[in-house]
Amino acid sequence: MSTELVDRVDSPVNYLNATSGWKSWLFTTDHKRIAVLYLISITVFFGLGGLFATLMRLELTTPQGDLFTSDTYNKLFTMHGIVMIFFFLIPSIPATLGNFLIPMMVGARDLAFPKINLLSWYLYIIGGIFALTAIVMGGVDTGWTFYTPYSTTYSNTFVMPAVVGVFIAGFSSILTGLNFIVTVHKMRAPGLTWGRLPLFVWSMYATSLIQVLGTPVVAITLALVGLERLFHVGIFDPAIGGDPILFQHMFWFYSHPAVYIMILPGMGVISELVGCFSRKRPFGYSFIAGSSLAIAVLGFLVWGHHMFVTGQSMYASMVFSFLSFLVAVPSAIKVFNWTATMYRGSVVYSTPMLYAFGFIGLFTIGGLTGLMLATLAVDVHVTRTYFVVAHFHYVMVGGMVFAYLGGLHFWWPKITGRMYPEAWARFAALVTFVGFNLTFGPQFMLGYLGMPRRYHAYAPEFQPLNVLSSAGASILAVGYAIPFIYFLWSLKYGEKAGNNPWGAKGLEWETTSPPPTFNFDHTPTVTGPAYDYDNREKEEGGEIG
Amino acid sequence: MPEFHLLPDAAAVSATGFDILWWYEVAVAIVMTTLIFAGVFFFAIKYRRRSETETPRTIEGSPLLEITWSVIPFVVMLTFFFWGAALYFHNQNPPADAMNIYVVAKQWMWKVQYPNGVREINELHVPVGRAVKLTMASEDVIHSFFVPAFRLKRDVVPGRYNEMWFTATKPGRYHLFCAEYCGTEHSGMIGWVTVMEKKDFENWLVSGGGEGSMASQGQKIFQQLGCSTCHLFDEQGRCPNLKGMYGSRVLLSDGRTVVADEAYIRESILDPNAKIVAGFQKDIMPTFQGQVSEEDILELTEYIKSLAETRGGMFTSEQTGPTTGGARGGSIANAGQGSLDTRGTSMTNQPPRAEANAQAQDASQPAAPKPAAPGGKR
Amino acid sequence: MADLDTTIEGHPPFLQHHFDDLHQQLDSSTLGMWVFLLTEIMFFGGMFGAYTIYRTMYPGAFASTSRYMEPVLGGINTAVLICSSLTMALAVRYAQIGKRKLIRIFLILTMIFGIAFIGVKFSEYYMHWKEHLVPWMDFQYPEHPEFFHQAQILFCFYFFMTGFHALHMFVGLGLLTWLLIKNERMSFGSEYYTPVEITGLYWHFVDIVWIFLFPLLYLIGANK
Amino acid sequence: MNHKVVPVRTYLLIWAILICATFTTLGIAFLDLGPWNIVVALMIAFTKMSLVVLFFMHVKQQNNLTRLFVVAGFLFLGILIALAMSDYGTRNWLTPGRMW
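Chains as they are written, first to last, in this note's numbering: chain V, 1 to 545; chain D, 1 to 378; chain P, 1 to 224; chain Z, 1 to 100.
If you are wondering where the hints come from, they were derived from the structure by calculation, not from laboratory data. Predicted model only: the values in this text are computed from it and were never measured. One should not assume that every hint holds.
To give an idea of the chain D side of the interface with chain P (calculated C-beta under 10 angstroms), a few residues [as the list claims (entries may be wrong)]:
| no. | residue |
| --- | --- |
| 1 | 54 |
| 2 | 279 |
| 3 | 282 |
| 4 | 283 |
| 5 | 287 |
| 6 | 289 |
Result set (EDC-like, lysine to aspartate or glutamate): computed pairs, CA atoms no more than 20 angstroms apart in a straight line [what the hints assert, rightly or not]:
| no. | chain 1 | residue 1 | chain 2 | residue 2 |
| --- | --- | --- | --- | --- |
| 7 | Z | 4 | P | 143 |
| 8 | P | 121 | P | 70 |
| 9 | D | 111 | D | 254 |
| 10 | V | 115 | P | 21 |
| 11 | D | 106 | D | 185 |
| 12 | D | 111 | D | 139 |
| 13 | D | 199 | D | 123 |
| 14 | D | 106 | V | 71 |
| 15 | D | 275 | P | 21 |
| 16 | D | 46 | D | 9 |
| 17 | D | 106 | D | 283 |
| 18 | D | 275 | P | 146 |
| 19 | D | 111 | D | 185 |
| 20 | Z | 4 | P | 70 |
| 21 | D | 220 | D | 296 |
| 22 | D | 282 | P | 124 |
| 23 | P | 101 | P | 184 |
| 24 | D | 111 | D | 283 |
| 25 | D | 170 | D | 295 |
| 26 | D | 282 | P | 146 |
| 27 | V | 492 | V | 510 |
| 28 | D | 106 | D | 295 |
| 29 | D | 170 | D | 139 |
Beta carbons are placed, not taken as given, at the ideal position from N, Cα and C, and that holds for glycine.
Using the sequences provided together with the hints, build the complete structure.
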């Protein structure tokens with residue numbers, strides 16, 4: 001696909017047509033080409049994870065386990081989780097949009113370590129191959145959480161390749177984060193102070209901190225799981241002295257911050273979109289930027305809220321519950337600021353903005369249900385039920401995937417030089433929103449009614465809501481298929497985008513679409529704050545900036 | 001096919017308490033969501049772009065506003081926190097007179113055993129209006145005991161006891177689910193909790209007994225494993241005298257004291273050297289890891305509990321109640337032979353906290369001189 | 001960050017295309033290494049955390065493992081590693097002022113110390129293996145049969161942590177070899193000594209990990 | 001930011017201190033200080049680490065950014081251990097009903 005893409009874009013020399021041949025892609029160190037490589041690979045994994053989800057929803061239309069055996073179903077939800085979380089959500093925005101945009105947004109020619117950037121893509125692919133091997137060999141049935149001692153002692157499935165795959169993909173994530181941190185610190189264009197950075201860069205920086213600090217711990221935890229599974233020395237096996245709860249502590253030390261790895265980049269995208277389509281600097285710039293960092297730090301203090309019913313000490317549970325409420329404050333700040341940005345703005349309903357509306361609404365619901373889950377007594381009933389499933393899908397899909405799609409639409413002209421069909425895109429955004437709510441809304445009720453998650457067969461009284469959910473999922477699938485088709489279509493037939501089709505501010509819009517290999521002809525110099533849509537500031541004497 | 005309900009059954013005191021908090025939070029969530037949605041829609045429509053050239057003025061932001069919309073939600077969240085924590089504490093802390101039932105989870109069934117020896121699989125029968133404490137152990141992986149109608153859930157973790165208590169309020173049959181993924185037939189690890197009127201429950205319990213009480217089963221195991229050769233009751237053996245041991249404070253050889261509760265007994269059977277009673281030798285008792293199942297351990301525990309009661313005179317006496325009260329001390333009154341309810345039932349769903357505490361304190365006084373006494377060998 | 005030269009002219013051969021000047025390149029590489037070391041702290045930190053928890057859970061078993069440890073060997077190894085850190089620091093110092101011969105000497109000395117460390121470590125492993133203290137390889141614990149399982153976990157952590165440390169030593173030796181070759185081909189100097197500097201950071205970090213492993217693994221209950 | 005060349009003397013001095021500290025730890029380990037053994041050992045280890053970080057790794061001449069990253073590493077490691085221990089350390093606490 002990529003080489004054809006080069007022929008079609010007949011604009012002057014840009015990163016797509018500068019060189020050609022598969023080698024020029026597989027051995028590229030250009031951050032933009034690596035971003036495209038990532039884009040293609042995560043789309044493959046998204047499709048795979050979506051396929052598993054479809055099969056699960058099909059099974060769940062009837063209360064009896066009639067479509068698949070329970071073993072197959074268990075493998076389906078495990079592989080759905082592993083693929084979606086480790087191979088789609090975590091790399092999604094950072095590795096595609098982040099990779100593509102960060103050097104441009106900071107006015108650099110490339111990331112600080114281009115070779116390491118390529119290495120991280122290869123690690124991702126190797127990790128992915130291990131995960132695929134696990135699927136092809138027969139699947140894994142531990143749940144994406146790999147809880148011990150089930151994963152270490154009792155599961156008869158291919159846990160090792162999956163664990164190795166996630167372990168390797170973790171290093172890909174670490175290297176991406178490392179690259180971003182150094183780039184933001186050391187590669188900024190002259191005049192681009194921290195206070196002038198786009199909010200997307202701020203949130204990516206916060207994300208990178210989590211990747212660098214958290215991922216090594218899950219790596220070591222999974223290494224211990226592997227060790228235990230291979231040699232059975234008892235690290236997590238209570239029968240011979242180990243403590244299975246320790247695994248949960250170590251696992252969630254990473255995996256809770258990991259949800260912020262997934263959502264923070266989405267928040268960054270939304271900050272860009274809301275600003276651009278209101279033609280206004282986001283309200284409370286410094287609070288949005290600061291809240292990203294606050295989320296990154298506080299996010300490390302709350303992992304124990306996944307363990308309220310495990311027999312964790314109730315005093316520890318109390319501490320974790322309290323800290324979980326703390327982390328909600330910066331998230332709330334962001335939502336309020338986005339809304340306030342539109343106040344006295346000039347709002348236009350382009351597709352990316354529609355996704356941003358969707359994000360704000362769905363993330364609000366996801367966040368508020370998160371507060372309910374952080375409440376100790378409430379968590380006891382609804383944890384491990386469909387309420388949790390609905391909660392994190394509202395945040396991860398309603399939040400993160402909406403932001404990803406919004407960002408993809410927003411920067412698609414920059415990435416490819418072509419516009420997507422606007423009418424279709426708006427329609428798809430609407431379908432996705434309706435389908436999404438229909439899929440996951442009923443699951444909140446299922447959770448309150450008491451339907452546990454990861455159930456292959458369930459009590460008959462849960463059927464109506466499950467049917468509703470499955471019906472919604474089919475609409476959601478359509479909502480995802482449409483953009484996939486018109487994005488491909490637009491590569492050839494899309495209207496040519498100018499350098500800045502949205503009239504947006506930001507260094508990435510000051511170069512050509514698609515950008516040349518080294519992004520800018522001359523290193524840009526920044527003289528004003530980000531998002532200076534209001535040029536009266538300058539005319540009136542530039543007292544700001 | 002059961003009818004479709006929008007609201008789950010509420011059949012325990014904990015469920016009522018939960019629902020009030022739950023609907024409060026749902027209401028807050030709806031109000032907040034509405035506010036945000038309304039704001040987004042209102043601004044999006046009111047300030048839609050009317051001409052391509054318009055440029056709105058920059059509004060930099062307002063620290064005052066930021067503080068307002070951080071502090072107010074946080075105060076609301078604090079109500080969530082304190083309310084939720086208070087309820088959670090309450091639900092973690094069984095009253096002293098709770099009736100004890102044992103649950104052993106294994107792939108993929110729930111095995112329930114009553115102190116009088118009645119056993120059930122995937123069924124749990126409990127009386128209305130009586131606090132019931134479940135002591136739960138797992139033989140393999142982590143399971144989770146979940147009764148939606150009680151709004152309670154607790155993981156059953158191998159290698160330790162987890163406890164859960166409730167007071168059922170409404171007779172009926174309610175779902176019991178395993179809520180922690182435990183392997184192939186996870187979704188089949190389900191059952192029913194039957195809440196019965198007190199009379200019905202007593203009749204049911206008496207009619208169900210099979211092989212004798214748990215304590216008598218435990219006594220058999222105690223003999224079979226040869227425990228009785230060292231743990232003597234009349235004179236001093238090589239190992240501590242177990243009479244009166246349960247529920248007392250035990251002085252250890254390293255100077256610490258522990259309460260001899262279920263968890264301590266379990267540990268001492270599986271890892272005898274972990275906590276040696278002061279005055280006794282290490283390495284005399286071998287570990288019984290692998291020789292006894294979780295159920296055996298529970299029966300042995302019941303047996304040791306029954307020893308505590310016979311020493312104190314009649315096991316029905318109220319005063320010998322839990323020595324230190326609360327979750328670990330557990331109820332000993334209903335252990336041993338015979339019916340669970342011989343000592344009369346507590347009519348209140350939950351005994352007032354103060355009373356329970358007073359009871360606990362009373363009981364701990366006589367226990368105080370006991371430490372390390374079992375052997376008397378100092 | 002001021003006065004960035006935006007032209008490409010005068011790019012020295014070792015300046016990568018996407019950096020503006022050597023200064024930025026050195027700074028970025030150094031910061032990159034520090035961020036990597038941050039990752040490493042958490043990587044080893046995960047093990048230290050798990051170890052700490054088991055240690056508090058099983059104090060008795062932990063104390064019983066000490067009889068199989070050789071504090072003196074561990075101490076010597078610590079000293080060896082500290083010496084290697086000194087020589088590494090000196091190699092960096094001479095790279096800063098461009099003394100090729102001295103760089104060579106100190107890099108080789110560093111490697112010798114590193115290899116000596118690994119030699120001692122592996123002889124210890126051999127002794128443990130002889131004593132059946134390697135978990136999953138006919139593990140035996142006759143002195144304290146009651147601690148069999150717990151000691152097995154503890155020895156597992158011992159091998160896991162020291163093993164990962166040794167792995168890092170091997171990587172470090174590889175990097176030093178690469179530096180030696182590089183040192184012959186080009187001249188390090190005040191203009192460009194980035195590779196030596198960041199390898200040095202890495203080497204010192206590995207040293208620090210051992211500084212903590214030594215008291216935690218070797219010195220518990222040495223007085224008993 | 002500029003890397004000043006540190007005199008050899010400084011390196012040798014630090015090295016000497018580190019070696020002394022190592023043998024001090026070793027010696028102290030054979031004394032019986034009760035629970036203080038591990039405290040002293042760790043304190044010496046921290047001192048040694050600080051010396052290596054400050055002098056051998058040139059953090060003393062580095063800007064605050066590097067220092068921030070070093071401190072952050074230990075801060076988050078501290079969070080991991082402290083919050084995990086908040087569970088393990090309080091599991092055997094009496095439940096509130098029994099505290100009074």
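Hint check:
1. 54: Interface hint status for residue 54 of chain D: violated (36 angstroms vs cutoff 10 angstroms).
2. 279: Violated - the Cβ of residue 279 of chain D stays beyond 10 angstroms from chain P, reaching only about 18 angstroms at its closest.
3. 282: This interface hint holds because 8 angstroms falls under the 10 angstroms limit.
4. 283: 6 angstroms, holds
5. 287: With a minimum Cβ separation of about 7 angstroms from chain P (threshold 10 angstroms), the hint on residue 287 of chain D holds.
6. 289: Holds - the Cβ of residue 289 of chain D comes within 10 angstroms of chain P, reaching about 8 angstroms at its closest.
7. Z/4 - P/143: Between residue 4 of chain Z and residue 143 of chain P the Cα gap is close to 56 angstroms, so the pair fails against 20 angstroms, i.e. violated.
8. P/121 - P/70: 11 angstroms, holds
9. D/111 - D/254: Not satisfied, since the Cα-Cα distance of roughly 37 angstroms exceeds 20 angstroms.
10. V/115 - P/21: 18 angstroms, holds
11. D/106 - D/185: 11 angstroms, holds
12. D/111 - D/139: Judged against 20 angstroms, a Cα distance of about 11 angstroms means the pair holds.
13. D/199 - D/123: The given pair, whose Cα atoms are some 19 angstroms apart, holds under the 20 angstroms limit.
14. D/106 - V/71: Given pair residue 106 of chain D, residue 71 of chain V holds - Cα atoms ~18 angstroms apart, limit 20 angstroms.
15. D/275 - P/21: 66 angstroms, violated
16. D/46 - D/9: 45 angstroms, violated
17. D/106 - D/283: Not OK: residue 106 of chain D and residue 283 of chain D at ~31 angstroms, beyond 20 angstroms, violated.
18. D/275 - P/146: Satisfied, since the Cα-Cα distance of roughly 12 angstroms is no more than 20 angstroms.
19. D/111 - D/185: 16 angstroms, holds
20. Z/4 - P/70: 41 angstroms, violated
21. D/220 - D/296: Judged against 20 angstroms, a Cα distance of about 10 angstroms means the pair holds.
22. D/282 - P/124: It is violated: about 31 angstroms lies between the C-alpha atoms, which goes past 20 angstroms.
23. P/101 - P/184: Satisfied, since the Cα-Cα distance of roughly 9 angstroms is no more than 20 angstroms.
24. D/111 - D/283: 33 angstroms, violated
25. D/170 - D/295: Given that 20 angstroms is the threshold and the Cα spacing comes to 30 angstroms, the pair is violated.
26. D/282 - P/146: Holds, because 9 angstroms separates the two Cα atoms, which is no more than 20 angstroms.
27. V/492 - V/510: 24 angstroms, violated
28. D/106 - D/295: Satisfied, since the Cα-Cα distance of roughly 11 angstroms is no more than 20 angstroms.
29. D/170 - D/139: Distance of about 31 angstroms is beyond 20 angstroms: violated.
The structure fails to meet hints 1, 2, 7, 9, 15, 16, 17, 20, 22, 24, 25, 27 and 29 from the earlier list, while all remaining hints are met.
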